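Undergrad: Read off the chains here:
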Amino acid sequence: MKLSVGKNNINKSILNFYARAWLLMAKNSMLSWLNKKESVIIFVFGKVVRYFFYFSFLYFLVTKTNGILGFSANQALFFTATYALVDTISQFLFRSVYTFKQLVITGDFDLVLLKPINPLFRSIAGGPDLMDLITIPPIILVAIYFGSLLDPSLLGVIYYMALILNALLVSMSIHIFVVSLGVITFTVDHLIMIFRDFSSMGRFPIDIYKQPLKGFLTFIIPVGLMFSIPSKALMGIVSPAGMVFSILAGLTFFTLSLKFWQFALKRYTSASS
Amino acid sequence: MDKYFSVFKISLAQEFVYKLNFIMWRLRNIIQILVFFFLWNSIDPTYFGYTQSSIMSYVFLLILIRSIVLSTKSTDVSGFVSSGDLSNYLLKPVGFFKYLLSRDIPTKIINITFSLFEISVLYLILKPNLFIQTDLFQILLFILSLIIAGFIYFSIIMLSNSAPFWVPDIGWGVQFLVTIIFVEFLSGAFFPLDVFPKPLFEFLKLTPFPYLIFVPIQTYLGGVSTVETFKNIIIGGLWAIILWIVMNKVWKKGLKVYEAVGR
Numbered sequence: 001m002k003l004s005v006g007k008n009n010i011n012k013s014i015l016n017f018y019a020r021a022w023l024l025m026a027k028n029s030m031l032s033w034l035n036k037k038e039s040v041i042i043f044v045f046g047k048v049v050r051y052f053f054y055f056s057f058l059y060f061l062v063t064k065t066n067g068i069l070g071f072s073a074n075q076a077l078f079f080t081a082t083y084a085l086v087d088t089i090s091q092f093l094f095r096s097v098y099t100f101k102q103l104v105i106t107g108d109f110d111l112v113l114l115k116p117i118n119p120l121f122r123s124i125a126g127g128p129d130l131m132d133l134i135t136i137p138p139i140i141l142v143a144i145y146f147g148s149l150l151d152p153s154l155l156g157v158i159y160y161m162a163l164i165l166n167a168l169l170v171s172m173s174i175h176i177f178v179v180s181l182g183v184i185t186f187t188v189d190h191l192i193m194i195f196r197d198f199s200s201m202g203r204f205p206i207d208i209y210k211q212p213l214k215g216f217l218t219f220i221i222p223v224g225l226m227f228s229i230p231s232k233a234l235m236g237i238v239s240p241a242g243m244v245f246s247i248l249a250g251l252t253f254f255t256l257s258l259k260f261w262q263f264a265l266k267r268y269t270s271a272s273s
Numbered sequence: 001m002d003k004y005f006s007v008f009k010i011s012l013a014q015e016f017v018y019k020l021n022f023i024m025w026r027l028r029n030i031i032q033i034l035v036f037f038f039l040w041n042s043i044d045p046t047y048f049g050y051t052q053s054s055i056m057s058y059v060f061l062l063i064l065i066r067s068i069v070l071s072t073k074s075t076d077v078s079g080f081v082s083s084g085d086l087s088n089y090l091l092k093p094v095g096f097f098k099y100l101l102s103r104d105i106p107t108k109i110i111n112i113t114f115s116l117f118e119i120s121v122l123y124l125i126l127k128p129n130l131f132i133q134t135d136l137f138q139i140l141l142f143i144l145s146l147i148i149a150g151f152i153y154f155s156i157i158m159l160s161n162s163a164p165f166w167v168p169d170i171g172w173g174v175q176f177l178v179t180i181i182f183v184e185f186l187s188g189a190f191f192p193l194d195v196f197p198k199p200l201f202e203f204l205k206l207t208p209f210p211y212l213i214f215v216p217i218q219t220y221l222g223g224v225s226t227v228e229t230f231k232n233i234i235i236g237g238l239w240a241i242i243l244w245i246v247m248n249k250v251w252k253k254g255l256k257v258y259e260a261v262g263r
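For the protein sequence lines, the chains are A and B, in the order given.
Counting in my numbering, the first sequence runs from 1 upward without gaps.
Counting in my numbering, the second sequence runs from 1 upward without gaps.
Fair warning: there could be bad hints in the mix.
As the list claims (entries may be wrong) - Below, computed lysine to any residue pairings styled on SDA-like, alpha-carbon distance capped at 25 Å:
no., chain 1, residue 1, chain 2, residue 2
1, A, 64, B, 41
2, A, 210, B, 116
3, A, 214, B, 73
4, B, 92, B, 253
5, B, 19, A, 191
6, B, 73, B, 182
7, A, 210, B, 11
Claimed, not checked - What the simulated footprint calls covered on chain A by chain B, stretch by stretch (three residues with Cβ under 8 Å from a Cβ of chain B suffice, anywhere in the stretch; the number is not a length):
no., segment
8, 46 to 59
9, 64 to 78
10, 208 to 218
The set of hints was computed from the structure by calculation and includes no laboratory data.
Keep in mind it's a predicted model, so treat the numbers as computed, not measured.
For every residue, glycine included, the Cβ atom is placed at its ideal position computed from N, Cα and C.
From just these sequences and the hints, can you work out the full model?
TA: Structure representation (structure tokens):
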């Protein structure tokens with residue numbers, strides 16, 4: 001009993017340590033953005049305008065055609081809202097992946113490895129994009145609005161929220177794969193943008209794509225798992241077995257990504273330092 | 001002329017130095033096109049006045065027209081301005097705009113070559129029903145609309161590149177807003193603009209953006225009357241002239257306040 005209490009305390013203090021480290025990195029990231037106020041205003045404005053265009057286009061499209069491939073107009077809009085939600089939260093949390101290449105090619109990654117903090121945590125969550133804190137609340141409201149138009153059951157809402165967390169786990173796994181490949185190949189920039197292009201396919205229900213692309217988006221880059229399945233769960237068209245399978249798939253993906261990170265780390269040569 | 005031909009040859013060689021970058025960039029274009037293709041494959045385009053073959057042609061023309069109009073290296077000029085590297089180019093005995101155009105031509109040639117290859121491969125895989133324009137006059141108007149689009153895009157890029165003359169840190173932000181948001185959404189590169197209700201669509205046609213992608217595709221497809229096609233070409237041409245004049249004036253004003261910060 002004593003031993004387990006001790007273990008709990010250690011876990012708590014580790015969590016506290018990482019929470020404080022994350023807040024510190026977030027603060028630093030915010031301070032560096034505040035030095036470029038004009039850019040912040042433009043970026044936030046651009047992001048808002050982009051989502052406005054997305055939704056306007058889709059709204060005019062699906063209201064005229066009464067939906068896409070059997071999904072109603074509101075359901076189609078909800079797919080896009082879910083995509084926007086997961087994509088924006090992922091960008092907020094894992095923004096530092098975009099600057100990871102620089103750490104590797106300059107050899108500054110050595111300094112990350114020397115610090116008493118998990119290098120993976122520092123590499124993927126080391127610079128949250130605080131501009132997204134401005135865009136996340138309206139996107140949540142949009143998702144709630146379109147979701148409420150679908151008259152979901154309480155169970156559907158619970159499934160949806162669980163699968164959104166699962167989607168963020170999958171997104172984190174993909175970011176881990178990208179930084180791991182970055183350690184080996186130095187090509188993070190394009191890889192992350194290609195991932196984002198593939199994930200943008202999740203703006204629409206994955207059912208619109210044909211094989212083998214659909215299989216690729218289900219099993220290789222699980223866009224369906226991240227964006228389509230949570231939306232379908234809220235609509236009540238995902239069975240409990242499908243739900244369990246999705247979460248198991250998310251956990252498997254996460255485990256594989258951690259293993260790949262360990263594999264990549266062993267191949268880091270520190271060549272430029 | 002020789003010096004610009006040298007710039008052309010060096011730029012062409014540079015394209016093959018960063019092969020992986022280039023392949024990744026092309027792959028990203030294909031992914032965007034696939035989204036467009038499958039979306040329009042799963043809805044009835046007749047709601048918006050398109051036939052299945054004309055909307056599929058729109059998708060395939062997008063690959064080619066993006067390569068002709070939107071492929072450019074000139075987006076790095078804002079970085080030259082904010083870092084002070086622009087001084088290196090101003091000191092050389094070359095016209096800066098001619099230098100930029102000499103760099104852009106090989107980029108466009110390579111992108112067009114690859115886009116033709118991609119169109120062939122995607123055609124064999126997806127087997128769409130495409131509309132082939134056979135009217136020579138309409139094809140000439142299409143080529144004219146592409147030249148106009150090229151000038152409009154170059155002027156828009158150079159105008160956004162001018163922002164760091166006044167606010168050095170703003171370059172990338174302005175480029176993001178102009179090229180990634182406004183050009184992508186309002187040019188017809190993301191969806192045909194006539195999806196919008198007519199008043200909104202007519203309003204958009206008063207801006208220069210539709211003349212980059214949407215109007216050239218419309219001209220090729222011949223879906224509008226000859227009078228409307230000429231009207232589009234004239235308005236696009238006027239935008240090209242206006243933006244070229246404004247861009248030159250803004251650039252000259254920018255050079256007067258340029259302080260080569262960082263040099």
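Undergrad: Keeping to a limit of 25 Å between CA atoms, is the pair of residue 210 (chain A) and residue 116 (chain B) held or broken?
TA: Given that 25 Å is the threshold and the Cα spacing comes to 23 Å, the pair holds.
Undergrad: How does the segment 208 to 218 of chain A fare against chain B when you require at least three residues with a CB closer than 8 Å, holds or violated?
TA: Holds: 4 residues of the segment 208 to 218 of chain A have a Cβ under 8 Å from chain B.
Undergrad: Examine the segment 64 to 78 of chain A: at least three residues should have C-beta closer than 8 Å to a C-beta of chain B.
TA: holds (count 4)
Undergrad: Please work out if residue 64 (chain A) and residue 41 (chain B) have their alpha carbons no farther apart than 25 Å.
TA: holds, 16 Å
Undergrad: Would you check the hint for residue 92 (chain B) and residue 253 (chain B), treating anything up to 25 Å between C-alpha atoms as holding?
TA: Holds - the C-alpha atoms of residue 253 (chain B) and residue 92 (chain B) are around 20 Å apart, at most 25 Å.
Undergrad: Assess, step by step, whether the Cα of residue 210 (chain A) is no farther than 25 Å from the Cα of residue 11 (chain B), and give holds or violated.
TA: violated, 39 Å
Undergrad: For the pair we were handed, residue 73 (chain B) and residue 182 (chain B), check the Cα-Cα distance against 25 Å.
TA: Between residue 73 (chain B) and residue 182 (chain B) the Cα gap is close to 19 Å, so the pair holds against 25 Å.
Undergrad: Does residue 73 (chain B) lie within 25 Å of residue 214 (chain A) when you go C-alpha to C-alpha?
TA: Violated. Residue 214 (chain A) to residue 73 (chain B) sits at ~34 Å, over the 25 Å cutoff.
Undergrad: Do the alpha carbons of residue 19 (chain B) and residue 191 (chain A) lie within 25 Å of each other, as the hint requires?
TA: Given pair residue 19 (chain B), residue 191 (chain A) holds - Cα atoms ~14 Å apart, limit 25 Å.
Undergrad: Mind checking, does the segment 46 to 59 of chain A have 3 or more residues with a CB under 8 Å from chain B?
TA: Result for this restraint: holds, n = 6.
Hint violations for this structure: numbers 3, 7, all remaining hints satisfied.
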